[in-house]
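Chemist: Protein chains in written order, with the working numbering: chain V, 1 to 240; chain X, 1 to 296.
These aren't lab readings, by the way, just hints derived from the structure by calculation. All of these numbers come straight from a predicted model, not from anything done at the bench. Careful, some of the hints might be misleading.
[Unchecked claim] To be clear about the criterion: a stretch of chain X counts as covered by chain V if any three or more of its residues have a C-beta under 8 Å from a C-beta of chain V, and this derived list gives those stretches:
id	region
1	77 to 86
2	98 to 108
3	136 to 148
[What the hints assert, rightly or not] Some chain V residues near chain X, calculated using beta-carbon distances under 10 Å:
id	residue
4	P102
5	A175
6	V179
7	W205
All C-beta atoms, glycine included, are put in the ideal place defined by N, C-alpha and C.
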Amino acid sequence: MSTIGGTAVRGSDVVAAMPFAAGSRDEVLAQSQRPAEAFTGTDALARALASQAPWIWLLGDRVRPRPDALEQLLDQARPGDERPASLLAGMVLDAAGAAVAPALPAGGGRELADVVRLAGRSLLPIRHAPFANCLVARECFIGEGFPQRSRYGRYAPVEWTARVLRTRDGYFVPASVVVSDGGTGRRDGLTSIPALARMARSGTWTRGETLAAARALAGQVIGGARAPARGPGAAGWRAA
Amino acid sequence: MVGIADGERERVCAVVVTRDRRELLHECLLALRAQERPVEQVLVVDNASSDGTAGMVRSSFPEARLLSLGENLGGAGGFHRGMAWAHARGYEWLWLMDDDTLVRQDTLAALLAGADRAPGGVPLVLTSQVRWKDESLHPMNAPVPRWRARARLAEGIAAGLLLVRYATFVSTMVRREAIDRFGLPLVHYFLWSDDVEFTARVLRHAPGYLVPESVAYHWTAAPHAAATPSGDRFYYHVRNSLLLLRGSSLSPIERQDYARYLARSIRQYLHVNGCNRSSALLLSRAIRDGLRGETR
Numbered sequence: 001m002s003t004i005g006g007t008a009v010r011g012s013d014v015v016a017a018m019p020f021a022a023g024s025r026d027e028v029l030a031q032s033q034r035p036a037e038a039f040t041g042t043d044a045l046a047r048a049l050a051s052q053a054p055w056i057w058l059l060g061d062r063v064r065p066r067p068d069a070l071e072q073l074l075d076q077a078r079p080g081d082e083r084p085a086s087l088l089a090g091m092v093l094d095a096a097g098a099a100v101a102p103a104l105p106a107g108g109g110r111e112l113a114d115v116v117r118l119a120g121r122s123l124l125p126i127r128h129a130p131f132a133n134c135l136v137a138r139e140c141f142i143g144e145g146f147p148q149r150s151r152y153g154r155y156a157p158v159e160w161t162a163r164v165l166r167t168r169d170g171y172f173v174p175a176s177v178v179v180s181d182g183g184t185g186r187r188d189g190l191t192s193i194p195a196l197a198r199m200a201r202s203g204t205w206t207r208g209e210t211l212a213a214a215r216a217l218a219g220q221v222i223g224g225a226r227a228p229a230r231g232p233g234a235a236g237w238r239a240a
Numbered sequence: 001m002v003g004i005a006d007g008e009r010e011r012v013c014a015v016v017v018t019r020d021r022r023e024l025l026h027e028c029l030l031a032l033r034a035q036e037r038p039v040e041q042v043l044v045v046d047n048a049s050s051d052g053t054a055g056m057v058r059s060s061f062p063e064a065r066l067l068s069l070g071e072n073l074g075g076a077g078g079f080h081r082g083m084a085w086a087h088a089r090g091y092e093w094l095w096l097m098d099d100d101t102l103v104r105q106d107t108l109a110a111l112l113a114g115a116d117r118a119p120g121g122v123p124l125v126l127t128s129q130v131r132w133k134d135e136s137l138h139p140m141n142a143p144v145p146r147w148r149a150r151a152r153l154a155e156g157i158a159a160g161l162l163l164v165r166y167a168t169f170v171s172t173m174v175r176r177e178a179i180d181r182f183g184l185p186l187v188h189y190f191l192w193s194d195d196v197e198f199t200a201r202v203l204r205h206a207p208g209y210l211v212p213e214s215v216a217y218h219w220t221a222a223p224h225a226a227a228t229p230s231g232d233r234f235y236y237h238v239r240n241s242l243l244l245l246r247g248s249s250l251s252p253i254e255r256q257d258y259a260r261y262l263a264r265s266i267r268q269y270l271h272v273n274g275c276n277r278s279s280a281l282l283l284s285r286a287i288r289d290g291l292r293g294e295t296r
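Modelling step: build the complete structure from the supplied sequences, incorporating the hints.
Modeler: Shown next as structure tokens:
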């Protein structure tokens, strides 16, 4: 049994990729379950995929996973009679124990009956997620490629996970907890009208979701004096 | 904490509003009597029934209190009066339902268990998941998850609760403090959307949750939503939706979403009932009265 950041890792199932804790916010540190093979670089995701691990655990800048954080995610990969998950997103708390909203996934994507039933199991179907505490099946990268930061900027993880979850299932697993040490990422919002236009044309989003993103973008433009919400997981993520 | 010991148990008053559905009411009251966590008081609010409802309640359910209204005030007026009655007598929880609500033996216990584990203290509103006879979610009472409040939604899910934006009066519990702070349902709504307006008003400022393991059945003839070939009733849906949009229970963005929902329901109504003179008259009256704020 090895550990990543103090979290026990079961077998050889998972490779963790996390932003480098200090220095450049755009660097990504990928650690394998064998610490001697830790490596850095903007192609860390490609290296993580090359490890052949079936799951890749994406962690935000300056987060500390609780010892059972990974175990809790893996336990819900096949949650009883529910559809198996390709993506699992966990809870992100601040030092005071409060949930960090910008670092949390967005719920939705399933019928209300599913939402109610899953809530009774302390799970939530999700529509997209930031890379703050996010366990992703390797086959998602094979199928959808990498997040496209050049097209979507900081919105890339949200766009990518939404694309993944268009045809796969994902759950929010609040029992998996990482604590943010005050990472100062911005909310994963669209930052430009061209990005919004690409979003509208992509086919990934429903009309309602595109409208909501347009309203949010308009709010950013009109209310530019408001400080953006901060949270880990968005800053420094660069497509490999 | 709720329900620790008899001496400390918080008191629950079940408020059941009825009108001319004696048989359904009888089944509803039997189910309330069978609660594994007993209800301290059942209050039946009779909207001037003429089918022997009052006599049935007195003879078959002597433990229930009967509040007979001299005229039909609709669901809104019935709940307003019933909630005022229970609030004045100090009940901590008001458990609200129509006479066509059937609860399971553990419905109340599950709601109170949800109150115990809700994050951040006791919530002001808790609601059951409402099903039709075939066990599917009843479309008239479908929950509206509060998707935008991600942190609070996440904390609720961690406790096995679903954060909701509003609820219907079909097995919904309201804390007395909600009335202290936000008042009672609006009598002039008469029928439909009074529950949405009231709970939206409360939950704009406080969390409310659906408790998944608390199940109730809405025993309608068919699992319909708002748009049914029911003539006068759809008038109230449109009029009251416009009143709701003109009020302050919803945020500006929520009003946009609700307006789109209203438009969809009108299209659905016309699809079901046809674009004819009768439909046009009903809709024009409802829109006129909703925009003018004219009520019974």
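Chemist: Please go over all the hints and tell whether each is borne out by the structure.
Modeler: Tested hints:
Counting residues of the region 77 to 86 of chain X whose beta carbon lies closer than 8 Å to any beta carbon of chain V gives 0, which falls below the threshold of three, so the coverage claim is violated. Evaluation of the coverage hint for the region 98 to 108 of chain X: breached, as 0 residues show C-beta separations to chain V shorter than 8 Å, against a requirement of three. Counting residues of the region 136 to 148 of chain X whose CB falls under 8 Å from any CB of chain V gives 6; the rule of at least 3 is met. Annotation: P102 of chain V was flagged as interfacial toward chain X, and the flag holds, the nearest CB pair being 8 Å apart, inside 10 Å.
Using the Cβ-Cβ criterion of 10 Å, the hint placing A175 of chain V at the interface with chain X is satisfied: the shortest such distance is roughly 7 Å. Because the beta carbon of V179 of chain V sits about 14 Å from the nearest beta carbon in chain X, more than 10 Å, this interface hint is broken. Restraint check, W205 of chain V versus chain X: the minimum CB separation of about 14 Å is more than 10 Å; hint violated.
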